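Chemist: Here's the letter readout for the chains.
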Amino acid sequence: MSKSTEGNYFEDFAVGQTIRHATPRTLTSGDGALYTALTGNRFAINQSEIFARGVGYKQMPLDDLLVFHMVFGMTVADISLNAIANLGYAECRFLVPVAAGDTLRAESEVIGLKEHSTRQTGTVYVRSRAFNQHDAPVLHYVRWVMVRRGGGERRGPAIVPSLAELVAPADLGYSCPRIDRKGWDFAASGSPYRFDDYRIDEKIDHVDGVTVEEAEHMTATRLYHNMARVHYNALEEKSGRFGRRIVYGGHVMSLARALSFNGLQNCFHISAINGGRHVAPLFAGHTVYAWSLIKDKARLSGRDDIGALRILTRAMKDQRGGDFPTEAAEEEKAGVVLELDYWALIPI
Amino acid sequence: MSKSTEGNYFEDFAVGQTIRHATPRTLTSGDGALYTALTGNRFAINQSEIFARGVGYKQMPLDDLLVFHMVFGMTVADISLNAIANLGYAECRFLVPVAAGDTLRAESEVIGLKEHSTRQTGTVYVRSRAFNQHDAPVLHYVRWVMVRRGGGERRGPAIVPSLAELVAPADLGYSCPRIDRKGWDFAASGSPYRFDDYRIDEKIDHVDGVTVEEAEHMTATRLYHNMARVHYNALEEKSGRFGRRIVYGGHVMSLARALSFNGLQNCFHISAINGGRHVAPLFAGHTVYAWSLIKDKARLSGRDDIGALRILTRAMKDQRGGDFPTEAAEEEKAGVVLELDYWALIPI
Amino acid sequence: MSKSTEGNYFEDFAVGQTIRHATPRTLTSGDGALYTALTGNRFAINQSEIFARGVGYKQMPLDDLLVFHMVFGMTVADISLNAIANLGYAECRFLVPVAAGDTLRAESEVIGLKEHSTRQTGTVYVRSRAFNQHDAPVLHYVRWVMVRRGGGERRGPAIVPSLAELVAPADLGYSCPRIDRKGWDFAASGSPYRFDDYRIDEKIDHVDGVTVEEAEHMTATRLYHNMARVHYNALEEKSGRFGRRIVYGGHVMSLARALSFNGLQNCFHISAINGGRHVAPLFAGHTVYAWSLIKDKARLSGRDDIGALRILTRAMKDQRGGDFPTEAAEEEKAGVVLELDYWALIPI
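Chains as they are written, first to last, in the working numbering: chain B, 1 to 348; chain E, 1 to 348; chain V, 1 to 348.
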């Protein structure tokens, strides 16, 4: 039997199956530095031990999306090496802060399978869970991907899990210690705006744009151990769907989040991701912009330190998108590449 | 009011105003590794704990220019997002060594303002100061930038600060512990040459050249949180002054300093920067060379361990510059992009 | 005398001479993160403190090839700045694990010199040794390089050292603690295959390919302090042998090793390198693939925890090489760029 693998195909998955993923990771300050350098993250909570401890963290937390990508990356070799597209995310919750020195491992449970009518592909639904060195769950999320069929057959009916449209406010804030609002330095964080300053339906243009280079997205994606060939192999992708390497969608998420600092400076923690759509692929050479819509606000039960903003951040390519288009019909014209729907915590 | 910002314009500044900058940073060994990988720094003092402690440091110091860029980067969002050019630096002094684990914050005081005759731009002079987690000043410097005027008006007369042409020898060495010359391993540092071996007017060709890629200078500049759009946004810069992204001038300073290792191996610490001129912009694809002139030498009062060399390092693009041109008229022909005038410490 | 150097020429070397190299390095978790991001290394032993300690290491070891490149890089300024080609390696043994926080220094002894018939170049043989902060030898190897002759003359006969064709099994395993096989988590390591599952003459296609960008190989090579101009200077290389920058051969070794994870997941440690040939240069833009041949197997005296596989890994450019060509005559057609012959340790 071959000791190397081309990855699992659609028919290799079975509902109920749990896969323990390879290569646990000890996250380090080196990972944090690289993440900053590759994405431009400027949130004070992830950059200053003094700031983080001053507001209540035991240790400066690593950026939430860095943690997400590290866990996501562990799952790729088993789940999505033969994926054609990441179709969606749901029910993503951050449960414990992750800091340099923590070691993460991950497993995924197959919770749904649906063959497509062409029979060439199918959708695989998995719930992935990450644990730290104390076996505490730090993150879980559902994602579904379109996976190629190999030579085999899959028996059994389609099973499509029912997924929550959004994470309920009651489920937010688990990974956030009690925040000492007096310790929050609004000059250091970069903005005076807190929970009450944002209103539902407010739109924020994040102004800045950043051009992506091949070396950057490949370096970021390799850092996460995400080895899907569409991101690395220019030779094979030349004859692929788009004729070139595709930027890992998670890198776009990180760029959009980093750009959103300009307007959401105090939204220090992503507590949950309700959903995410990679509307269109991004390629090197394009310039990414972002804007956000404050979709909702929630007070958290028993907490007078922080509230949650439900934010819908869109990333666009080569268009600043000052007119904030929200209709799906306008997405292509507006160059939308990503829509990320998440709950961020912010001091009250 | 918009929660995101396009940055301050000329008329937004007032002399005497002090701005506390956002996003304090805990510098880490990850930042140090990235700095080495992006610039090629090889000075032993910044690379080996054993070497650094052996000569008298409590902990291996991070490269001085890394510290400078980190502080500079903090100031960009407030000072120079709408800058057309960094015009100059002066009175830059390093006061305390910075090591992995230290947390820096910065503030700037506006010390001068001068509207230009076109009234489209003005020069803003700021004195920026950085402090560590013990509130000890670690670095301060003056810089002046040409900033665009927005829609508004500025009232009041021009105020131009008088700045020292150079940092006096009496003000050098503050950030340098007593150096144990017996602990200085000249094989490890890469050269036998010490203070007495350099003579005034000596010229040193640093031989090597290094080609700059877009991904490299953007990664370095993002590491420093310097988000000026001229460095990142290929789309907007296409219709900008040069039709393309400009390499952050500080990256050129770092490349020149790294190249200068070949000839200045024992100049282990930049104690002060007298001035710096970004003579011409640098773009990706060009190859950077450097040479240095020993402009002066100074013994430091009360110290028989170290002396200071006043070094004038020039970086050139696409020319090795072995004929050491120093006339301004020859600069363009010689491809000069940077002139950096600084005091470096070296064992006696 | 010039304080900068163009490096040593063939006639500058003498057999018996020992050169202590500059710039000792304290390796950090930042170096480890960068190595992962630039090469894609996924071996669990280098990624998880929990995994590494669970199987018997005191501390998570850094990747063996990262250590090799760091040491190699120290030698470049003295040995191979004027090298035309790295001709070979032999007798490379890893003697002590290296972890973040360790400080390495290196020295080389010239053990052979042979002028070529053209008299323009000669081969220099050196044995390089690295030591840690406890003065324990951590690594030594022989390499030979083709070096340009400068203006001078070399007197004396050719001296060619006799080198072992391979490191004997009795000399393996020194840098590997006793492995607790019960602590070895085969799900975490990514494969169930252990010593007995591999057979001599087995061939493994590592499936994946990765395209190399200029910014990536230069960043990696700069991290190692390997300043040979052929890797950095696009301007001078335009008129050089290949008309462009050459990827450091060690980066190709690292890419091949990282790709080989897909098939050799439990080959956690390179204990010795028998030899290495850079069959052809690699340039940015090419896509690297790899396959491996299990050339031999060895049990180690007194050890029932681990065995050694002698692996011959070949890297190819722009060809996946599923037909495993081994004849030298087929190498060019098959796009072979590297042949690396090494002993890897694997749990029994």
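Misleading hints may appear alongside valid ones.
Same chains, same label: a pair holds when it works inside one copy or across any pair of copies.
Derived DSSO-like pairs: lysine-lysine, alpha-carbon spacing no greater than 30 Å straight-line [unchecked claim]: (1) 333 with 295; (2) 333 with 3; (3) 297 with 238; (4) 114 with 58; (5) 333 with 58; (6) 238 with 203; (7) 58 with 238; (8) 295 with 238; (9) 182 with 238; (10) 114 with 203; (11) 203 with 58.
The set of hints was computed from the structure by calculation and includes no laboratory data.
As the structure is a computational prediction, the values presented were derived from the model and not from experiment.
Chemist: Tell me, in ascending order, the numbers of any earlier hints that this structure violates.
Modeler: When the structure is compared with the hints, numbers 3, 4, 5, 7, 8, 9, 10 and 11 turn out to be violated.
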